[in-house]
Amino acid sequence: KNQVEQSPQSLIILEGKNCTLQCNYTVSPFSNLRWYKQDTGRGPVSLTIMTFSENTKSNGRYTATLDADTKQSSLHITASQLSDSASYICVVRGGTYKYIFGTGTRLKVLA
Amino acid sequence: DSGVTQTPKHLITATGQRVTLRCSPRSGDLSVYWYQQSLDQGLQFLIQYYNGEERAKGNILERFSAQQFPDLHSELNLSSLELGDSALYFCASSVGRQGWGYGYTFGSGTRLTVV
Numbered sequence: 003k004n005q006v007e008q009s010p011q012s013l014i015i016l017e018g019k020n021c022t023l024q025c026n027y028t029v030s031p032f033s034n035l036r037w038y039k040q041d042t043g044r045g046p047v048s049l050t051i052m053t054f055s056e057n058t059k060s061n062g063r064y065t066a067t068l069d070a071d072t073k074q075s076s077l078h079i080t081a082s083q084l085s086d087s088a089s090y091i092c093v094v095r096g097g098t099y100k101y102i103f104g105t106g107t108r109l110k111v112l113a
Numbered sequence: 212d213s214g215v216t217q218t219p220k221h222l223i224t225a226t227g228q229r230v231t232l233r234c235s236p237r238s239g240d241l242s243v244y245w246y247q248q249s250l251d252q253g254l255q256f257l258i259q260y261y262n263g264e265e266r267a268k269g270n271i272l273e274r275f276s277a278q279q280f281p282d283l284h285s286e287l288n289l290s291s292l293e294l295g296d297s298a299l300y301f302c303a304s305s306v307g308r309q310g311w312g313y314g315y316t317f318g319s320g321t322r323l324t325v326v
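Keeping their order, the protein sequence lines are chains L and W. Heads up: the first sequence runs through residues 3 to 113, numbered per this note's numbering. Heads up: the second sequence runs through residues 212 to 326, numbered per this note's numbering.
A few of these clues could be false.
To be verified - Partner residues aside, some chain W positions facing chain L, computed with beta carbon under 8 angstroms:
| hint | residue |
| --- | --- |
| 1 | SER213 |
| 2 | GLN252 |
| 3 | GLY253 |
| 4 | LEU254 |
| 5 | PHE256 |
| 6 | TYR315 |
| 7 | PHE317 |
| 8 | SER319 |
| 9 | GLY320 |
Simulated from the structure, these hints should not be mistaken for laboratory data. For every residue, glycine included, the Cβ atom is placed at its ideal position computed from N, Cα and C.
From just these sequences and the hints, can you work out the full model?
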């Protein structure tokens with residue numbers, strides 16, 4: 003069964019600290035993996051997209067990694083800011099028109 | 212502003228009623244996708260339209276229907292509403308048929324509350 007599991011479900015960190023969010027998937031075939039940031043009550047915004055051949059991709063303070071062998075991805079946030087408080091959603095594309103969404107990790111950054 | 216416009220932002224209605232949600236895609240985008248996000252649930256793909264024609268169907272109930280008009284805006288019709296239909300409904304758009312790459316853009320959503 004095609005699934006995307008994210009951990010932890012929620013996370014609270016202090017401003018300035020780093021954190022890492024995990025995404026494990028069992029989607030097959032694999033086309034690409036995206037990380038989205040979703041502010042409360044708003045639509046998801048794309049952070050990164052990674053294909054099979056990419057191991058690491060950065061977007062400012064966000065760095066995503068992908069291990070296609072173990073079917074794991076992580077999103078590392080460096081020097082967190084209050085504005086990073088949001089849900090982070092991992093989405094795996096498995097073939098044409100098939101997008102499998104994780105339920106997200108809710109991150110809260112405290113001052 | 213993502214360029215994808217959804218209206219209304221909020222909607223409260225009673226069980227058994229019918230509502231219509233509207234989505235205007237980003238300029239130049241031909242594909243429109245509808246998603247449902249229930250409380251504490253992941254986004255669930257409902258349906259995709261490309262240039263006026265249905266392209267792909269996900270977990271869309273028979274009580275729900277959608278269409279894309281010649282000007283490319285799309286409407287999602289929800290009928291015989293139940294309490295469990297309360298959710299955020301998102302629209303996304305992309306240039307091509309498969310939503311490849313960064314061109315896949317979400318709107319801000321319509322929050323539907325069924326009472």
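How the hints compare with the structure:
1. For the restraint placing SER213/W at the interface with chain L, the shortest Cβ-Cβ distance is roughly 6 angstroms, inside the 8 angstroms limit, so the hint holds.
2. Contact between GLN252/W and chain L, as hinted, is supported at the beta carbon level, the nearest pair being about 6 angstroms apart and thus within 8 angstroms.
3. Annotation: interface hint on GLY253/W holds; nearest CB of chain L at approximately 4 angstroms, less than 8 angstroms.
4. For LEU254/W, the interface hint holds, the least distance from its beta-carbon to any beta-carbon of chain L being 4 angstroms, beneath 8 angstroms.
5. For the restraint placing PHE256/W at the interface with chain L, the shortest Cβ-Cβ distance is roughly 6 angstroms, inside the 8 angstroms limit, so the hint holds.
6. For TYR315/W, the interface hint holds, the least distance from its beta-carbon to any beta-carbon of chain L being 7 angstroms, beneath 8 angstroms.
7. For PHE317/W, the interface hint holds, the least distance from its beta-carbon to any beta-carbon of chain L being 3 angstroms, beneath 8 angstroms.
8. A distance limit of 8 angstroms between C-beta atoms decides the matter here; for SER319/W the minimum to chain L is near 5 angstroms, and the interface restraint holds.
9. Annotation: interface hint on GLY320/W holds; nearest CB of chain L at approximately 5 angstroms, less than 8 angstroms.
Checked against the numbered hints above, the structure breaks none of them.
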